[in-house]
Every structure is written in C-alpha cells, then in structure tokens.
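J.: Residue numbers (this note's numbering): 4 to 246.
Just so you know, not all the hints are guaranteed correct.
Pairwise CB distance ranges, derived in the manner of DEER restraints [what the hints assert, rightly or not]:
no., residue 1, residue 2, range
1, Gly206, Glu143, 39 to 45 Å
2, Asp68, Lys136, 39 to 45 Å
3, Asp80, Leu216, 23 to 29 Å
Simulated from the structure, these hints should not be mistaken for lab results. The beta carbon of each residue, even a glycine, is placed where N, CA and C say it ideally should be.
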Amino acid sequence: METKVTTIYDYRNIDIPKPLIELQLPDLSAFIEEQCQRLAEKHSKLELLEGQEHVLTDEMVQAEDLPGVTTVEEYKDALRREIPFTIRSQQSHMIVSDFLVPQLVQRSTFEINDEEATRESKHRLKIFEEKAKEQGLSLEEYGQKEFGVSTMDEGEVRQYVLYLGRTSFLFRILAQEYLRQRGVTLDVVSYVDYVKSIAETTGMEEDNVREVLPIHVYMDEVPTVSMLDEMAAWVYSQITFDE
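Modelling step: build the complete structure from the supplied sequences, incorporating the hints.
T.: This is the structure:
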C-alpha cells in the first residue's frame, strides 16, 4: 500500500498566533546607514585611515544602475520601502514551514505505509548527520545550531529530525493530491512545458535544465513548491506592522 491522503484540511481555517503576524518594525536608520557604508566601500577607491568611513555619493548610487534610483536619498528611500516587504516575505515563509505545514499535516488524514514513512524519515536523518560531519560537528552540536535550541541533546535532535522527515514526506503526498484536485496535471507534456519556461526565464539550455531538474524531481517537488508558495502568499497578506 502506498501512502495517500484521504482528507485535506483547509489551511485557511488554521488560526495563526497573533505574535507571528503582528510585527514591530525595527528602527531602520542604523541598517540603512550600514547598507550605504557597504555600497560606499564597494565603489570608493580611496584608502582611508583607521576609524574613517567612506561616504556614499550620487555617482556611486548611479553605478549600481538601479531603476529610478540616482541619488543617495533615493537609495535610502528605496531601502525604507523594500525592507518591510522583505521582512514580511521572510516571516511568511517561516510561518509556513515552522507552523502551518505541521498543523496542516496534523489536521489532515492519511492512510500511511509506515515502512515508507520511516524510510523517508531515516533518509532525512542521514542527510542531517552528513551535514553535521561536513561541518565537523556532532549531531547534538549541529542540531542546536540549526534549530536554535542550546538545550537539545542528541536524542532530542534525532527525534526532531525524524519528525521533520515524516512531516515533509506527508506534506509532499498532500501537495500532490491538492494540485490534482484542482485539475493540475503533472506528466511528460507539462514537464516539457516547464523546462521550456525555465529555459526562457533563465537563459539556460533546455538540456541543462533537465540535468538540474530531472522529471522525477519535477513530479515530486513542483507540487510541494507550488503549495508552499500559495500558503506563503496567504500568510503574507495577514502580516501587519504595529505603529
């Protein structure tokens, strides 16, 4: 028996905790000045004494060739406008991955092949262990670093990674059915069209796109990415900044 979803809970009925969507916009002055300093350092040819700072000029800003931005003040204004959008985007994706997906999987119903689900979870753990070794860290140290919880021991890290693997696997199954119910068909024809669109957008050769994204990856990952983007857009619209 293959794992399948039998009931998909409507994620729009999940209440998101207010602290996650009612944000306080930080003071942008220091951040904007830091960005200006970095841009000045990038373009300045002067050698300064220790403690001196480069000064951003209109000419440096113009060298960036930013649409509609030709002066230092316009550059600062552009940053002020862009930063809230960036914060909302990052927050919406965090909410989806850390809160909404687990809640959706928990509230939906599945017929689960435990052997299949366990295999996927162990694969996730194996990859996590390999990344820890690459960084010269123990599983416990790497887990504490990745999850931001300094009190996690190795057993807790292991169990949490297995949980993430199982949740990710079930969400992938759910997303595939979600798209199917909406009339989205993923097959060879849709794959060919997808490859062409990526090639046109990126300028890559179609053969190179196929190497990077073979059809089996397309069939597995596109539904997941598509649903994650849809959920993130829904969350994004709810995020506000307190005055």
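J.: Which numbered conditions among the earlier hints are violated in the structure presented, ordered from lowest to highest?
T.: 3
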